[in-house]
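J.: The primary structure of each chain is shown beneath.
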Amino acid sequence: MKISVIITLKKDVLDPQGKVIHQTLEDMGFNDLNEVRQGKYFEIDSKESDPKKAKDKVEEMCKKLLTNLVIENYKIIDVQ
Amino acid sequence: MKSSVITFPGSNCDRDMDVALKKFGFKNKMVWHNDTELPKSDLVILPGGFSYGDYLRCGSMASKSKIMKSVINFANSGGMVMGVCNGFQILVETGLLPGALLRNKYLEFICKNLFIKINNKQNVYFKGIDKDVLEFHIAHNEGNYFCTKNQLKEIEDNEQVAISYCDKNGIIEDESNPNGSIKNIAGIFNKEKNILGMMPHPERMIDCSLSGEDGSLFFNNLINNLK
Chain A
1 MKISVIITLK
11 KDVLDPQGKV
21 IHQTLEDMGF
31 NDLNEVRQGK
41 YFEIDSKESD
51 PKKAKDKVEE
61 MCKKLLTNLV
71 IENYKIIDVQ
Chain B
1 MKSSVITFPG
11 SNCDRDMDVA
21 LKKFGFKNKM
31 VWHNDTELPK
41 SDLVILPGGF
51 SYGDYLRCGS
61 MASKSKIMKS
71 VINFANSGGM
81 VMGVCNGFQI
91 LVETGLLPGA
101 LLRNKYLEFI
111 CKNLFIKINN
121 KQNVYFKGID
131 KDVLEFHIAH
141 NEGNYFCTKN
151 QLKEIEDNEQ
161 VAISYCDKNG
171 IIEDESNPNG
181 SIKNIAGIFN
191 KEKNILGMMP
201 HPERMIDCSL
211 SGEDGSLFFN
221 NLINNLK
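Here the protein sequences come in this chain order: A and B. First residue of the first sequence: 1, per the working numbering; consecutive thereafter. First residue of the second sequence: 1, per the working numbering; consecutive thereafter.
Keep in mind that a hint or two might mislead.
[Unchecked claim] Derived lysine-lysine pairs resembling DSS-like cross-links, with alpha carbons at most 27 Å apart:
(1) B:LYS153 <-> A:LYS10
(2) B:LYS2 <-> B:LYS29
(3) B:LYS2 <-> A:LYS64
(4) B:LYS40 <-> B:LYS105
These are computed hints drawn from the structure, not numbers from a lab. Quick caveat: nothing in here was measured; it's all calculated off a predicted structure.
The following block holds chain A by itself, in its conformation from the complex (with noise of 0.2 Å):
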């Protein structure tokens, strides 16, 4: 199963470099914009068959590893 995953800071944790970007963006003429926040996104290739478990797995891994639940999010986006 490949299952994809995001992972982005919360609300109301400073990202600067979003900002940065934001600020850049607008520079370059896009005026129309209310925020831009960066995150991870990752792509876990799995041997397990079943979705369920496969998606069970990397939210465990998720919790354990890839997010810091201090200030992050994660979010399982697709699982086939």
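Starting from the structure of chain A, add chain B where the hints point.
T.: Frame of chain A, contents of chain B only:
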């Protein structure tokens, strides 16, 4: 007094720490991250550097390395563990200390001397130091201390804020906050005060011909407190 400094792939302040500890009388051993057992130690140190290339999040990979199981057991049974810079990042990633260390607010790697105020001297790390303000050195890209409101309340209620960035007179204000840390926090303890994590490097302030000597004060005091 016996100390152990853990070397992870990418640690680069481990030798400096070894030199500092030996200078002030510790019998120090260097311990490789792949080892599983800690030598008998009165103090375990996680040094600065860029363990595992800072991949994923600073300190996240190192926090899962083999030796850390022993370090966590040692800390949970009351053993003294100090993390400096990347070592502090590793300690928050293990969950031994609350919070997280984010990218510096102005996205710069900061490398300079600055002042820190000792907030709590009721612990083995700072008890007996006659100064309230020390000049230490920082060198980091991710030292912006963050925690949730609830965590901050708990940290403050339990007097876990060990040191804060301040000016040379000890005034804690925005101007002396180098990296955006909540409440100028530069270092924190766990509740029991046997674990200390801090961004500044005391081991870089131990030689009057190279730097100030406030690090000497710190290590001298520490070994005396441990005796």
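J.: If you test the structure against every hint from before, which numbers come out violated?
T.: Hints 3, 4 contradicted; others consistent.
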